[in-house]
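Colleague: Sequences and hints are given; from them, build the entire structure.
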Amino acid sequence: GGIITQTPKFLIGQEGQKLTLKCQQNFNHDTMYWYRQDSGKGLRLIYYSITENDLQKGDLSEGYDASREKKSSFSLTVTSAQKNEMAVFLCASSLRQGGTEVFFGKGTRLTVV
Amino acid sequence: GDSVTQTEGLVTLTEGLPVMLNCTYQTIYSNPFLFWYVQHLNESPRLLLKSFTDNKRTEHQGFHATLHKSSSSFHLQKSSAQLSDSALYYCALSDYNVLYFGSGTKLTVEP
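Quick note, the sequences are listed as chains L and Z, same order.
Its first residue numbered 1, the first sequence is counted upward by one per residue in this note's numbering.
Its first residue numbered 1, the second sequence is counted upward by one per residue in this note's numbering.
Hints listed in this document are in silico derivations from the structure and should not be mistaken for laboratory results.
Honestly, I wouldn't trust all of these hints.
As the list claims (entries may be wrong) - Partial pick of chain Z residues on the chain L-facing surface, computed with a CB cut under 7 Å:
id, residue
1, G16
2, F33
3, S44
4, S94
5, G102
6, S103
7, G104
Note that CB positions come from ideal geometry on N, CA and C, so glycine has one too.
Modeller: Printed below as a string of structure tokens:
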């Protein structure tokens, strides 16, 4: 088996601040994802990457940047934190695109003050 | 674009009664993959079951679902709810590129 590690678990930032969330996986999966989880809105895709140095925008990419410098890691940057961005950010990975099981990390809870 | 609709945001049941959580989807892809993920409190979502075969029942851990392409549905069912089934359930669709999730249904099973 493998594991997806997200750091930090809790992130408190100030409005307007640039914040970075990190994710590491040891499944040796090709595809990695960042989802945002808000109560009542489900899991919304921010960015995904099908291989090292690849980036694909999801429906919620505005206000975020991502980076996939290694196969095992995928980071997400909130370019300018806003008060309405308090949410849980979930990193995930899968062996390849589509059709295969997606495994999730435990999440980073972001609070903007 | 692709989308998944879960009409019930909250479902509350008494233990022992049957469970049915609705899921419908829209996609232009002729062979979508459909999934149900479950997320218990303070845990990450994990796969409950999946299907890509039309009209074939898929079962796991007492839950079952059948993909019906004619009605674009993939409803989750269980014959008898248990207290431990209380969780958030997400229906999801993959068009081979990415996984799209519905808004989720919070199931609460009461004694």
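Colleague: Against each hint, give a clear statement of whether it holds in the structure.
Modeller: Now for the hints, and whether the structure bears them out:
Contact between G16(Z) and chain L, as hinted, is not supported at the beta carbon level, the nearest pair being about 28 Å apart and thus beyond 7 Å. Restraint check, F33(Z) versus chain L: the minimum CB separation of about 5 Å is within 7 Å; hint holds. Evaluation of the S44(Z) hint against chain L yields a held restraint, the C-beta minimum of about 4 Å falling below 7 Å. Checking S94(Z) against chain L by beta carbon gives a least distance of about 4 Å; that is within 7 Å, so the hint holds.
Given hint, G102(Z) at the interface with chain L, holds; its Cβ is 6 Å from that chain's nearest Cβ, closer than 7 Å. With a least beta-carbon distance of about 4 Å to chain L, the hint placing S103(Z) at the interface is held under the 7 Å criterion. Look at G104(Z): its Cβ gets to within about 5 Å of chain L, closer than 7 Å, so that hint holds up.
When the structure is compared with the earlier hints, a violation turns up for hint 1 alone.
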